[in-house]
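A.B. asks: Here's the letter readout for the chains.
Protein chains: 2
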Amino acid sequence: MTDPDLPESEPGLAFAADVFERACASREVIQTVTGRWGTLALAALAEGPYRFSALRRRVDGVSERMLSQTLQALERDGLVDRAVLTAIPPKVEYSLTPLGADVASRLVGLIELVESRMPEVIDAQSRYQAR
Amino acid sequence: MTDPDLPESEPGLAFAADVFERACASREVIQTVTGRWGTLALAALAEGPYRFSALRRRVDGVSERMLSQTLQALERDGLVDRAVLTAIPPKVEYSLTPLGADVASRLVGLIELVESRMPEVIDAQSRYQAR
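Protein chains in written order, with the UniProt record's numbering: chain A, 1 to 131; chain B, 1 to 131.
Each hint should be verified, as a subset may be incorrect.
Restraint ranges, calculated between C-beta atoms of paired labels, are given here [as the list claims (entries may be wrong)]:
#1 B:93 to A:105: 33 to 43 Å
#2 B:54 to A:85: 46 to 56 Å
#3 B:65 to A:46: 26 to 36 Å
#4 A:89 to B:93: 28 to 38 Å
#5 A:66 to B:86: 45 to 55 Å
#6 B:69 to A:63: 17 to 27 Å
Hint data in this document are derived by calculation from the structure and do not stem from the laboratory. Idealized CB from N, CA, C, for every residue including glycine.
So that you can see chain A by itself, here it is in the shape it has in the complex (with noise of 0.2 Å):
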């Protein structure tokens, strides 16, 4: 979104993304970045790059074709590197950007907050259940 505020010239201030904001592309990078996937995979590639067959195993429970999809939106973001490594037969290598990793970092944090906290999750699930 431009805020008509803005004078033009300044293109650094005049560009404000709203990810409230539906027709907003930021919108649709979150979902990517946020997607079932995307999250999964960006936190795995946080701990190293990945070929696509470890990535999968990784990943449990994506099929090739999510993956496959996945790692396009995010390369096709900038949030993700493939690198087809000269080999014998070649080898592709997937490993995230520095736009990636600070994106991934974050998803770290939520995901590390998640997990630290599912005791609290799950006493709220079994009270929601009992009413």
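Given chain A's structure and the hints, the job is docking chain B onto it.
C.D. replies: Leaving out everything else, chain B in the frame of chain A:
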């Protein structure tokens, strides 16, 4: 996941969630929290309590049904409180629990990061399209 190496007598330690395991309950919670509308509902409620209709206006584009399902899942997991205020007609207000506030502040950090780096994302998307 219970780690067999940890003594069962230490309840705080015996519980170790691992979001990478497909059967771990934490994965479902992460997916509620980071889901299409979960993220936006939590980020909106980080601004303060909302009544249903005001929240629906804030989360531009969400249907009544999807917002209602999202809030129900967040309430079940102990992230959102639903309070019926005595008034004629009765008012229903949604707010974050302390756990919900912790989760929401991580999400808001993630959203702000993505919003601020959108020029980089858009550059990456243009390069990807041009290949």
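A.B. asks: Confirm or reject each hint.
C.D. replies: Structure-based check of each hint:
no.: 1; hint: B:93 to A:105: 33 to 43 Å; result: holds, 34 Å
no.: 2; hint: B:54 to A:85: 46 to 56 Å; result: holds, 53 Å
no.: 3; hint: B:65 to A:46: 26 to 36 Å; result: holds, 35 Å
no.: 4; hint: A:89 to B:93: 28 to 38 Å; result: violated, 60 Å
no.: 5; hint: A:66 to B:86: 45 to 55 Å; result: holds, 48 Å
no.: 6; hint: B:69 to A:63: 17 to 27 Å; result: holds, 25 Å
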